[in-house]
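*Asks:* Here is what each chain is made of, one letter per residue.
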Amino acid sequence: MIQIKHVDKWYGPNFQALKDCTTSVLKGEVVVVCGPSGSGKSTLIKCVNALEPIQGGEIILDGIRVNDPKTDLPKLRSRVGMVFQHFELFPHLRIVDNLCLAQEKVLGRKHDDAVAKGMKLLERVGLTEHAKKYPAELSGGQQQRVAIARALAMDPIAMLFDEPTSALDPEMISEVLDVMVDLAREGMTMMVVTHEMGFANKVADRVIFMDRGEIVEDAKKADFFGKPRSDRAQKFLSKILSH
Amino acid sequence: MNYNWNWHIFLEPNPMGTGTYLDLLLAGLVLTIKTALLAWIIALIFGSVIGVLRTLPSRAASWIGFCWVEFFRNMPLLVQLFLWFFVLPELLPKAAGLWLKQLPNAPFWTAAIGVGLFMSARVAVQLQAGISSLPRGQRQAATALGLTTFQTYRYVLLPMAFRIILPPLTSEFLNTIKNTAVAITIGLIELTGQARSMQEFSFQVFEAFTAATVLYLLLNFIVVTAMRWLERYVAIPGYISGK
Amino acid sequence: MLGSFDFDVIRRSLPYLFFEGMRFTLTLTALAAVGGLVFGTLIALMRLSGYRLLGRVAGFYVDFMRSLPLVLVIFWFYFLVPYIGQWLTGASRPITVGAFASSLITFIMFEAAYFSEIMRAGIQSISKGQPAAASALGLTYGQSMRYVVLPQAFRNMLPVLLTQTIVLFQDTSLVYVLSIPDFLGAASKVAQRDGRLVEMYLFAALVYFTISCVASYCVRRLQARIAIVR
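Protein chains in written order, with the working numbering: chain R, 1254 to 1496; chain F, 15 to 257; chain A, 12 to 241.
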């Protein structure tokens, strides 16, 4: 589904954010990407739908080369859902309109159909009664659930999560993770940047560990938690699991 | 102060034979409003385009925007009006120049367009600041949903940016009204111009200027009140801007 | 087509344009900026003083000035200052005030309203802890303003103050309405005397543009440096 081959990314001439990154995500697979801050994990996931351009290598999404100038990026992006650290709901639109905007403007769905689809997904994330509210009237956890619903409304073939819980207060993390776990169990292809090792343990197929722009470890979940091969991964794990 | 106040002067007939001196001032007020409104429309249209250009990733676009803003910001408005009024017709091909010079109401059109373009640079700067103040993730979220750049601006960035810059836009609109007075130098007899001619005809200088002052204050008050109402009307529940 | 223009008129009038016109413009700009800053700071302090009446008066002054077109204010002071002078000196007739003095008073009073808003924002940008720390050290209100708050506010606001001064530099061209030979006035005089409007106004535009561009470039550089130091 997602193939990442020898990807290099530079910010300016002096800082290489990604160094020769190669990995892939199969259909229905859940891959968790972790690593210390500044390790390039968010950058990597943003390269998958070309929010960040890459300077070397290639990324292939469902058979289409992302970094090909001829690729219709808006169309490609509309098929991949993305959830952001800071939710990024559109503050001037009601919840239901947040869910409908791209359905109508990108997929060309009729308003009524878009609303019906949106309401179905709101029900799924348990927020039906908030449809008429504005984002700022919801808690962080609720906003993030709306953001997931917004992405799902596009009927994505895969979902990208960029630290979906790290801007949340602790008591709201589980309500978001629950939605994600359900999604994973339904067979959604997911690439998740997160520090939530509990989530990784529960549903991930593979875990990728990144450090300083490199993929240091790319292993089956059991192998990763059982016996990570690199020192850096071991150190990282002991740090975040020690609490 | 040995000055002969005569507040009845307003009700005396003016030497133009167009009614009283008060009628003269009110005609000036109407012309001020007309010029300011047309100038403001021009400023909003060009300012929005240039403001957006400056926030596009394209180097060329932001360079064009930069040049526009620098050109109109670094010359006194008075000099700009002289350029449009005295210089431009001479630099054009003969026929076009002649047509411009014989245009009825030339001072009005020159003032509206000149002030409008002058203010467009300021509107552009405000809009650019407004767009840049939005979280970067907003643009990314819209892009990730598959919206095109145009749609991203139309449905996501601009609705928020304009809400944020509504207070500074109010003062720019007030500046537009005030700046129309500069057009007195190219023969536009707007409110300040009428006060000045009333002073010249009647020698009641302080009455004339007091009346003009009161009318400007009134105009300010109306605009501020209207804009406050507009701010409340477009306010988003739960959203606290900037602070 | 440009053949019918005579750009030599610029060269011939250069001494007049710069030694008379530009000197007037620059002196007026500099003195009005300093005066406006002093009065503006006083007005800002009045507004933030906590004395209701004082704050109201200052606030009214600022709002009033900012509601009026500069052209109208220039006319106001031009006619009013002789009477105020008469009232102050007790003379029997309105005193004669020179073009420069009249313009200077106008611009100081007008710019004070704008500078005061900048200084107010600057003072408010200083964290409440600073004056608190100053008074904890035993400084009086005046001392804490003079030695602690104002220097910081001034420093933070320096780029904005300078930008406003560039606006002021451009605005001084409006003394044209009083037929005073500032730079633009001088250019206009030559233009009308020799019938060379196009040449003179283009040249005037170029000079204003160059000076403003260079000045605002310097302000941007300064801003970047301040940002680093902070």
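Since the hints were derived computationally from the structure, they do not count as laboratory data. Be aware that a few hints might be false.
Claimed, not checked - Below 25 Å or equal to it, Euclidean Cα-Cα: the simulated DMTMM-like pairs (lysine to aspartate or glutamate) are:
id : chain 1 : residue 1 : chain 2 : residue 2
1  : A       : K200      : F       : E214
2  : F       : K48       : A       : D74
3  : R       : K1328     : R       : D1408
4  : F       : K108      : A       : D17
5  : F       : K108      : A       : D74
*Asks:* What hints, given by number in increasing order, does this structure fail?
*Replies:* Hint check: 5 fails alone, others pass.
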